[in-house]
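Q: Each chain, letter by letter, is given below.
There are 2 protein chains.
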Amino acid sequence: MKRFASLLVVIALLAVPIVVTAQKTGRPGVLQLQSPQNPRLGFVIHGGAGVITRGSLTPEQEKEYRAKLEEAVLAGYKALKEGKSGLDAIEIAIRIMEDSPLFNAGKGAVFTADGKNELDASIMDGKSLNAGAVAGLHRVKNPITLARAVMEKSPHVMMIGEGAEKFAEEQKIELVDPKYFFTQRRWDSLQRIIKEEQDKAKKEGSASVTRELAENRFGTVGAVALDKDGNLASGTSTGGMTYKKYGRVGDVPVIGAGTYADNATCAVSATGWGEFFIRLTVARDIASLMEYRALPVQQAADTVIQQKLQKAGGDGGVIAIDKFGNIGISFNSEGMYRAYIDKEGKPVVEIYKQQ
Amino acid sequence: MKRFASLLVVIALLAVPIVVTAQKTGRPGVLQLQSPQNPRLGFVIHGGAGVITRGSLTPEQEKEYRAKLEEAVLAGYKALKEGKSGLDAIEIAIRIMEDSPLFNAGKGAVFTADGKNELDASIMDGKSLNAGAVAGLHRVKNPITLARAVMEKSPHVMMIGEGAEKFAEEQKIELVDPKYFFTQRRWDSLQRIIKEEQDKAKKEGSASVTRELAENRFGTVGAVALDKDGNLASGTSTGGMTYKKYGRVGDVPVIGAGTYADNATCAVSATGWGEFFIRLTVARDIASLMEYRALPVQQAADTVIQQKLQKAGGDGGVIAIDKFGNIGISFNSEGMYRAYIDKEGKPVVEIYKQQ
Chain Y
1 MKRFASLLVV
11 IALLAVPIVV
21 TAQKTGRPGV
31 LQLQSPQNPR
41 LGFVIHGGAG
51 VITRGSLTPE
61 QEKEYRAKLE
71 EAVLAGYKAL
81 KEGKSGLDAI
91 EIAIRIMEDS
101 PLFNAGKGAV
111 FTADGKNELD
121 ASIMDGKSLN
131 AGAVAGLHRV
141 KNPITLARAV
151 MEKSPHVMMI
161 GEGAEKFAEE
171 QKIELVDPKY
181 FFTQRRWDSL
191 QRIIKEEQDK
201 AKKEGSASVT
211 RELAENRFGT
221 VGAVALDKDG
231 NLASGTSTGG
241 MTYKKYGRVG
251 DVPVIGAGTY
261 ADNATCAVSA
271 TGWGEFFIRL
281 TVARDIASLM
291 EYRALPVQQA
301 ADTVIQQKLQ
311 KAGGDGGVIA
321 IDKFGNIGIS
331 FNSEGMYRAY
341 IDKEGKPVVE
351 IYKQQ
Chain D
1 MKRFASLLVV
11 IALLAVPIVV
21 TAQKTGRPGV
31 LQLQSPQNPR
41 LGFVIHGGAG
51 VITRGSLTPE
61 QEKEYRAKLE
71 EAVLAGYKAL
81 KEGKSGLDAI
91 EIAIRIMEDS
101 PLFNAGKGAV
111 FTADGKNELD
121 ASIMDGKSLN
131 AGAVAGLHRV
141 KNPITLARAV
151 MEKSPHVMMI
161 GEGAEKFAEE
171 QKIELVDPKY
181 FFTQRRWDSL
191 QRIIKEEQDK
201 AKKEGSASVT
211 RELAENRFGT
221 VGAVALDKDG
231 NLASGTSTGG
241 MTYKKYGRVG
251 DVPVIGAGTY
261 ADNATCAVSA
271 TGWGEFFIRL
281 TVARDIASLM
291 EYRALPVQQA
301 ADTVIQQKLQ
311 KAGGDGGVIA
321 IDKFGNIGIS
331 FNSEGMYRAY
341 IDKEGKPVVE
351 IYKQQ
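Chains Y and D, in that order, are what the protein sequence lines are. Quick note on my numbering: the first sequence kicks off at 1 and runs consecutively. Quick note on my numbering: the second sequence kicks off at 1 and runs consecutively.
I should point out that these hints are in silico values taken from the structure, not numbers from a laboratory. Heads up, some of the hints might be wrong.
One copy or two, either will do: identical chains are not told apart, so a pair holds if it fits within one copy or between any two.
Mimicking EDC-like on lysine to aspartate or glutamate, the simulated pairs with C-alpha atoms at most 16 Å apart in a straight line are [to be verified]:
id: 1; residue 1: K78; residue 2: E344
id: 2; residue 1: K245; residue 2: E170
id: 3; residue 1: K141; residue 2: E170
id: 4; residue 1: K116; residue 2: E162
id: 5; residue 1: K245; residue 2: E197
id: 6; residue 1: K153; residue 2: E170
id: 7; residue 1: K81; residue 2: E152
id: 8; residue 1: K81; residue 2: E344
id: 9; residue 1: K78; residue 2: D88
id: 10; residue 1: K116; residue 2: E196
id: 11; residue 1: K346; residue 2: E70
id: 12; residue 1: K166; residue 2: D114
Take these sequences, add in the hints, and give me the full structure.
A: Shown next as structure tokens:
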């Protein structure tokens, strides 16, 4: 029944004449938000991409994810309607997801091989091209808020580790005991991976990526916004990769990889196998395809995700929005938790590839 | 006399008909390396950009810089001639500069506000788009070698802090006592900045960028190469920014900002005010202008440095090379330590804006 309802939403969206690009690509989530009621407001979030197939979530789990995504997308959109900036909307929505144990960011961060939680985040202002990024945090409750402080309250773009936490302290940003990030589910996941890796190492004499690891690779959260002043912004936050070692950092705090925003083109937030997103500078490349090739945002996103990323062997997805409020959503993984505000101002929540 | 000799070199270069782009831009350092003797080999290095005006160096200092740049560029080129890869040549040349106290990388790294040395580096292989980046190191003698190990010996692209040093240990990469990075010159520079900042804070009640700081901002080293197999590669290494706080990281370990390489377009290594290079994804943008607008490498470099970076208020420079061996060098600072191999296989060393 839920599936049928989702299908109806998609059909309804495709039927709206304003959805030009969607008709071209046959993809939902591409629409213009320029109705008189909501002049040029746009808001899209994601809660991570990965092996999310229908049936891999229980009905209760699916309900929980849908409810939290709806809460976050509505909260961000409400801020935009109240005249707040895209950066405000992004911070509000991402904090909601960071505070939930459902997503691999903030509270629900996965564990490193050492049993720690290491968090990264970034944010970018499309108007000024200013940006903030933080990596290797252990005590910051809401990394997105610290990333924003780095952007707005320091001359720097990127801060890492203890230095970043010292800055957080000075900025009176909430710090928590590292235990705050403990969740049984993520801990169990780490234990399963450790066991799988040990079994594998015994058999093959080498430890490579296991099934559990592959399934737990993703889970970043992010948001992109177009506010009433026509400014674009994007933000991304993550708990990294389960079982990661050696202070590994993925694409999230790498401006141009996991996050990019430029009023001249688009705002992008990515989620996926971070290494590939760094190598391909995924977020910047989508903006570049708009800047230099004048591609529409959905086509730019598809070119990078469905062609370049796919060819390189990486997986994951992006959400993007351009200065007209056109939304681009593209992923080559089985699913991606995502939500956006449609042209009627209503939230649309999607999880699977085929809704 | 030296100035006159340099001028002659420039005139000689411009006179060579093969130097097409140089004639267009009126800039030295743009030439094709496709003579029969050196089929498709190309090698360029930089030792940092900044306020390097004629007269700011004593004749002895200038001689030292020129000698070390020549040693490094010749060592990398020798490796290429022996059939080694571009990655080998880059690592060899950058290690020479890291081991010298002259440059702000490795041994000569500047001090943070806490009196520490924090080193970053990255390397990228244009053939595979594989990359390695490290940040926040205190004990790794040659960060470029660790960046290469991250690229070649791990599934990751970026590692930071203690985790990265643990990986270095496992890979048997040389670690040194943090005291190794002490140099009197850099220490004195930190002390002058601390004093200037204190004086300034007393006067204005706020500490902003001082003259000393502005002059000591730069000093990254880097290299780009085209090897006998037609593969492009680039690498960059830095000691960061004098008086930097909060685990600040600049553009060097950010793939797409300080370093990028793609056989389809070019290899780039940057040096300058890192924050601007991150926001503009400088290295990737030069490659994108070649990929999507088919600009020649010098024009792509000039577009990003002389127009975009200049307009944004940032400064610094880049070295770049394309798959035909065309070199692009562009900077909007007073000077940039740089060297390349000309079409006769001879090293050319330059420092100032007008040679």
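Q: Quick one: which hint numbers does this structure break? Sort them smallest to largest.
A: 7, 10
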